[in-house]
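Put the two chains together into one complex; each comes in its own frame, and the hints tell you how they fit.
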Amino acid sequence: MSLSRRALMGTTAAAATVPLIGRANAQAPTIKIGVLNDQSGPYRDTGGVTSVACAKLAVQEFNAKGFNVEVITADHQNKPDVGAAIAGQWYDRDGVDMILDVPTSSVALAVAGVAKEKNKLHINVGAATVDLTGKSCAPSVIHWCYDTFMLAKSTGGATVKAGGDTWYFITADYAFGQQLQKDTTAFVLGAGGKVMGSSPYPFPGTTDFSSFLLQAQASGAKVLGLCNAGGDTVNSIKQAKEFGINMKLAAMLMFITDVNALGLDVAQGLTLTESFYWDLNDRTRAFTERAKKVTPNNWPNMIHAGCYSATLHYLKAITDMGAAAVKAGTGTAIAERMKKMPTEDDCFGKGSIRADGRGMFNSYLFQVKKPSESKGKWDYYNLVQTTPAAEAWRPLADGGCYYLKS
Amino acid sequence: MLMIFGYPAPLMFGQLLLGLINGAFYALLSLGLAVIFGMLNIVNFAHGALFMLGAFVAWGLLEFLGIGYWPALILAPIIVGAFGLLLEKTLISRLYKLDHLYGLLLTFGLALIIEGIARNEFGSSGMPYRIPDALQGAMNLGFMFLPVYRGWVVVASAVMCLATWLVIEKTSLGATLRAATENAPLVQAFGINVPRMISLTYAGGVALAAFAGVLAAPIYSVNPNMGSNLIIVVFAVVVIGGMGSILGSIVTGFGLGIIEGLTKVFYPQGSATVIFVVMVIVLLARPAGLFGKNA
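Residue numbers (the working numbering), protein chains in the order written: chain A, 1 to 406; chain B, 1001 to 1295.
Calculated from the structure, these hints are not laboratory results. Misleading hints may appear alongside valid ones.
[Claimed, not checked] Short derived list, chain B residues pointing at chain A, Cβ under 8 angstroms:
1) N1022
2) S1199
3) Q1269
[Stated by the list, open to error] In silico EDC-like links for lysine to aspartate or glutamate, alpha-carbon gap of 20 angstroms or less:
4) K316(A) - E61(A)
5) K56(A) - E117(A)
6) K292(A) - D1133(B)
7) K350(A) - D320(A)
8) K56(A) - D94(A)
9) K1089(B) - D1099(B)
10) K1170(B) - E1182(B)
11) K241(A) - E1182(B)
12) K293(A) - D1099(B)
13) K316(A) - D346(A)
14) K65(A) - D320(A)
15) K377(A) - E1063(B)
16) K248(A) - D265(A)
17) K222(A) - D165(A)
18) K377(A) - D1099(B)
Don't be surprised by glycine CBs; every beta carbon is placed ideally from N, CA and C.
If we strip away everything but chain B, and leave its shape as in the complex, we get (with noise of 0.2 angstroms):
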């Protein structure tokens, strides 16, 4: 049988394939966070809250109306949306000018107090939302069982990755918000809504986390501590990446995704940390980032 570093080659394609599903999560929490790095300049600390806000949103929709998954991936996120784009207009929208410190404590507290809120309610055991059914079973690949719905995360967060990175790179909405990024008051000199467009890409990012919330639910048990687990790590890709760089967090995120599952296999132990390791690096021989525009 063929070996990798002392491993069967099946058991290692199967780590890569699974690094490369959590590298799927990482990049799409860590793309919002980019996205409204890049456009508002607020670190959004409350991002795992809404992440979790969106697995909830899914359950709730099951449970006390019996609106199932599908309709859940759309409609969470834009309900969850709709509480960020409330979040920004009485809250986060006063501290553009403040320096980036503020807009860190306002969302950390507010997701504190999402995630107490939630605790308080339902629990910290977490509750149970099943795999939808079109999506049961699992495939034989020869070197590993590949879970049907693993695979459609992997898909869905790709694509949904690439329509992010389009919308921003090649449309002329993007341009725009990209110009009000650069210069306010002059693409406000144009005709723009400039504060109506933030207040939207917010939401957007917000949406973004939603989706990933809602994708991850049948995964994990829809749980308060959800987001608190990923948060940290997401943080690190989007440091790594480059801040705001949104290229730079879709490759971070897959590319992390696969050297933390390589830890899994030979050093366990060092699975959390592994992520760290790699930033320390990074931000010694690059400060900006993988991808980030040199300050």
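The shape of chain A in the complex, shown without the other chains (with noise of 0.2 angstroms):
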């Protein structure tokens, strides 16, 4: 039956169509994903190469129908300028169709600024400012799995309730650590707390924190809030432990790629809040698998797993658009096309996209295990509570994103 319908289809075709067959395979449209991030400086482990496998994993998986997908990557050396030439360059010059991933807060939000004049994508996973989906939002900007705002609510919320009430600040001194601040700040006030001092260091650069360590102490401060990333927070709590602070530590942001550069015997006992762990549950740890085959030796983040997720999510967006379509609209109706359809897969579960572009998930507290409670490598976190994604994030009125209003 259908060998005959396929001969059929072949005679009547043949000769008169054979240029329009043609024809119609190269105008199969190719979506490209352009993954930018830091690939060779403090932010390589938390993203850089992981996330352009993950992202390309999820391509691969998806395996789309009528359209092709390709993804290329570069490296925005954790400087905005360089990070906004590049952008501006992939979306006139080199057809990209979305920006993915750009950690750095100070690189997210020039990139987000160029998505916003020309109206195209860009799906942020790697930076933590919640100015994203607040002052700096843009229609055609999502910001994936994590923010300023839900790290300080889970984990500086969970600190003061559990009798940290007065804290003392390090911080990286730029965008992403200020930020970071204001949000916990916000919080432990809130919630009858006080901030008993604030040692803002120079960005990048400082490698000794012993200085700001003994001046926390001297503070009389309960708790040590960590307003900083990466290598930084890794030598921070290193150093906290040399010198026997005897205070509490909330790193405010911390990825299990840290924890597994400090090593269990240092990082035992501290609170830190991801979207996503390995070892969640039975679809994390799927998705792990599959994901150890093309990144072995750094496990997928919560960065990862966005990247991951966010690129099967662009890519269902695009079948129920039609890719032809998604290439000749804007970027904000592909967003608006996201918005719309529910989020699902593997490293979240079900979930959504807020209006403002806020990715809504759930939020974990996690507590890293001691040496004798881990089961071997990438065994580190005990799950201590759980936000449900209504209650995680930043109230969408509170942002004040600009389209909202209007």
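Next comes the structure, spelled out in structure tokens:
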């Protein structure tokens, strides 16, 4: 039956339409995804090549019908000007349809500005600043799976509740650190706590934190809030242990990759927040088994899982809207389609995207295991508390995103 | 309680001591740079990368061969020093007759290559390295809690600095070295193998960097970027002390560590800049640096 139909189609089409068929193949649109992140600096392991691998994994598993997908990558070196220049070139000259990841808040804000100006899609996964869905929001920008507000609420709120009501901050003195300190301070004060002081240190380039640690100790505060990331957090925690700082440490942004760098004997007992952990449930374990094949030495953290999840949802929205329409349409159009569709994948389960571009997923408070509790490599977290998606994020009305007002 | 500038005295003493500890690293690294510049006239921008390499060799010795901290303190400088010897023989020695700028470009390029390879192989988060058992724990000094290991770092680098200074200023080997820097053909005429001497000097300077790297490994995570964070500050130290002056780099290293430590109390945002402010002031007043010979 099918054979004869194919033969029939073949013969009728044969002579006249061979060029047409050829043209149809060539015309299958190609969707270009550009992963832009730090591939050589301090945030290489929290995003970097593992983010690229996870985005490619999503493309491969989705196996798109009717359009081709190409993933290209670049290194923004944590410099806003470099990031903005690459983004402009990708959108204008190289036909990139969506820019993914972009850690480092200062670079993220610059790239989001380019996406807004050109009305192209940008899905941010790697950066923390809550401004991406607030005062710097854009209709074509989506922020995937964590931000400073959600971290401050989860880690900050839980710490105050557990009796840690006086705080001292050690803060990386740039957009991200300042925002994180501001958001955490709001939760500490809101819960009746007090902030005893802070040491904003120059970023990047500070490796010795002992001076700030002693000041923190001298302030008499019970909790030391670390508003920094990556290697800085690792060094702060190591040195706090070395100097016998007897305060409760709250690492406001920390990834499983950082815990791996610290080693459990130093990291044990820390509380931290992520929206993904490989050992949460059967689906996250299944995802990690597949991801390990493409990134064996660096297991996925929430940014890597976010790059997978965001890519998958983007491809579903393209299938829904039609690749040709996406190619011809604006970034806002595809972003709106993505917001209308619920998200669903192995990493985050069921979720959604809110009108201001905020990805809505559960957030999890973890405590780092003791070395004796850990059964093997990367077995690092005990789940302490789950904040459901509806409560984890800054309320829509408080963000002040401009396009929702009109 | 006794107050100093409105801060409790114990806090200030603690900060001074911390400054001294950081100064120990500055002194040890700038010492190697000063030796290399003084004897070879090469601005060794690869110094930070070789410092990092020292830490990585120590980590590798433990991870793959089970060789601990104390042997690594001797082995890592020898291994990295040998690598330095190779660099000097094959690449750097070709540049002695050219302008300083070429040496700077070559060593800067080498630093980028070495750091790039390390980043590619080991990632950027770094590897943990434990403080050796004998140096675990801390002493209570009354005004602060001093980790034993940090105390050891100050002592080890002070001894190393003194030893290097003695070798160069007070021994016949040092005298020959200094003479070779002033007038190589004449020294060669006395039957001394000057090129070999210069190679060994470079290896020695590199070994000092690797020694500092091993000392740093338990304090910071062993990380491909650990050298590039330090190298600019260390260059400022060398410039302030006077290019090529051994004593200058030791004194300035410790002194600037203290100034930086105090800035971290009064105005933490400025702690990365203060060393360069000092550099500008010193260069305006004494263009050859605090201990430099006037050109």
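Each hint, compared with the structure:
Interface restraint check: N1022(B) against chain A, minimum CB-CB distance 6 angstroms, threshold 8 angstroms, status holds. Among the interface hints, the one on S1199(B) is violated; its C-beta lies about 32 angstroms from the nearest C-beta in chain A, farther than the 8 angstroms criterion. The interface hint given for Q1269(B) holds, since its Cβ lies 6 angstroms from the closest Cβ of chain A, which is under the 8 angstroms cut-off. Between K316(A) and E61(A) the alpha-carbon distance is near 12 angstroms, which keeps this suggested pair within the 20 angstroms criterion.
At most 20 angstroms may separate the alpha-carbon atoms for a hinted pair to count; K56(A) and E117(A) exceed this at roughly 27 angstroms. Straight-line distance between C-alpha atoms of K292(A) and D1133(B) comes to about 35 angstroms, which puts the hinted pair past the 20 angstroms bound. Among the hinted pairs, K350(A) with D320(A) is consistent with the structure: their alpha-carbon atoms are about 18 angstroms apart, no more than 20 angstroms. For the hint pairing K56(A) with D94(A), the CA-to-CA distance comes to about 19 angstroms; that is within 20 angstroms, so the pair holds.
A C-alpha spacing of about 18 angstroms is found between K1089(B) and D1099(B), which places the hinted pair at or below 20 angstroms, so the restraint holds. Between K1170(B) and E1182(B) the alpha-carbon distance is near 17 angstroms, which keeps this suggested pair within the 20 angstroms criterion. For the hint linking K241(A) to E1182(B), the alpha-carbon distance of about 49 angstroms lies beyond 20 angstroms, and the restraint is violated. For the proposed pair K293(A) and D1099(B), the alpha carbon gap of about 51 angstroms is over 20 angstroms, so the pair is violated.
Pair hint K316(A) plus D346(A) holds up; C-alpha atoms about 15 angstroms apart against a cutoff of 20 angstroms. As the CA atoms of K65(A) and D320(A) are separated by approximately 11 angstroms, the hinted pair is consistent with the 20 angstroms bound. For the suggested pair K377(A) and E1063(B), the alpha carbons sit about 15 angstroms apart, so the restraint of at most 20 angstroms is met. Note on K248(A) and D265(A): the hinted pairing holds, with a Cα-Cα distance of about 16 angstroms set against a maximum of 20 angstroms.
The suggested pairing of K222(A) with D165(A) holds, with an alpha-carbon distance near 7 angstroms, which does not exceed 20 angstroms. Annotation: proposed proximity of K377(A) to D1099(B) is violated, straight-line Cα distance about 52 angstroms (limit 20 angstroms).
Checked against the numbered hints listed earlier, the structure breaks hints 2, 5, 6, 11, 12 and 18; every other hint is satisfied.
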